[in-house]
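Chain by chain, the residues run as shown.
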Amino acid sequence: DQQVKQNSPSLSVQEGRISILNCDYTNSMFDYFLWYKKYPAEGPTFLISISSIKDKNEDGRFTVFLNKSAKHLSLHIVPSQPGDSAVYFCAASGAGSGNTGKLIFGQGTTLQVKP
Amino acid sequence: KAGVTQTPRYLIKTRGQQVTLSCSPISGHRSVSWYQQTPGQGLQFLFEYFSETQRNKGNFPGRFSGRQFSNSRSEMNVSTLELGDSALYLCASSLDPGSNYGYTFGSGTRLTVV
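Just so you know, the sequences run in chain order D and L.
Going by the numbering used here, the first residue of the first sequence is number 1, and it counts up by one from there.
Going by the numbering used here, the first residue of the second sequence is number 116, and it counts up by one from there.
If you are wondering where the hints come from, they were derived from the structure by calculation, not from laboratory data.
This list has only true hints and no planted wrong ones.
DSS-like, lysine-lysine: derived pairs with alpha carbons at most 30 Å apart:
id, chain 1, residue 1, chain 2, residue 2
1, L, LYS172, D, LYS54
2, L, LYS172, D, LYS68
3, D, LYS37, D, LYS68
4, L, LYS172, D, LYS71
5, D, LYS37, D, LYS5
6, D, LYS5, L, LYS172
7, D, LYS71, D, LYS56
8, D, LYS37, L, LYS172
9, D, LYS54, D, LYS37
Derived coverage of chain L by chain D (criterion: at least 3 residues anywhere in the stretch with Cβ under 8 Å from a Cβ of chain D; other residues may be distant):
id, stretch
10, 149-162
11, 167-179
Nothing here was measured: the structure is a model prediction, and the numbers come from that model.
Each residue gets a CB set at the ideal place from its N, CA and C atoms; glycine is no exception.
Just chain L, with the same shape it has in the complex (with noise of 0.2 Å):
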């Protein structure tokens, strides 16, 4: 069974430019959650996503942005990126939504803003 798949591995932007960063659930799975990981900040929702609809939304600016697609893959977009974005950007895939327990993670995407 396949894991949760994110693309790109690793990507590096320049500040003002846009990014959209992919993220393959794992099959069946409906809901989707984005995550930010910096050194200073830890670990902090950014959305989730289930059947095409965000539910759920972090305390990020209007630049991060997301969506879902009929299959559940899921896309996010930062615009406009800062320096501050630099980050890995990491994308948990679950079946239950309401099973918080049971997202499995991926890799991440590392983004780095120069």
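The following block holds chain D by itself, in its conformation from the complex (with noise of 0.2 Å):
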């Protein structure tokens, strides 16, 4: 059962313009989301996050937007730069103690931003 989905594989966008990377959950119960950015042999790196109590969040070029009635977060990068191209996750987390360290991934979105 996959609780995060990322539904679109790749997207080509064109430097300059805005990128927008989309995420779906299934899960009511998740109170926090976020985002990471992935090269080859890399781990993943954290961009930005959004609790669920939040509608939107913006640390520079980087935006999430949550739509809690539709269970559905996206990302927006403006401008995108060619160094921008990447793997990007989407993850979330439940609350309590049971869920503790437990962050469940999409399956990851490749971006590449042409120059």
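The two chains are supplied separately, each in an independent frame; assemble them into the complex guided by the hints.
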């Protein structure tokens, strides 16, 4: 049962334009959502997160939007740069001690930003 | 400040053997989690340790085990290796175990089972 889904395996955008990466989830008990970026042969790097009590969080070029009613979140990158080309993972965590340290990841979306 | 260090970076083992992977967390971080990444299953949670205690475990067979030492360093062990255990194994550490966004990942250990 895939609780976190990234339905687009890949996305290609032009440098300077907006990149929008999407993520859907099924478990309404998730209380934190995170986005990680991963280059080949490296571990995931934390980008930005959002609490379930918020609908938007912004950090520089990165903005995450959360729509709880639709169980959907998205990551916007504006403007996109060639260095942003990587695999992006959406992850979710649940509240409570039984969920500590446990992130549930989506399958990832490969973003290619063309110069 | 040193990051999360995983050793070795690459490993080739034969079916039936066992393997031990090591993770040194960021200094001061007491929570360590392990993940398995494969092309088919993506990133999957293995287990989490805090103060030498396993607090959370994913849905993996008993062949996968781990431990944490008093200095917060952690090891994971896979016994009776199968071809399907070939994967990138990632370790992540955190200062505040309640803040899931605070996890920093290492570069991983690439395990190949032949």
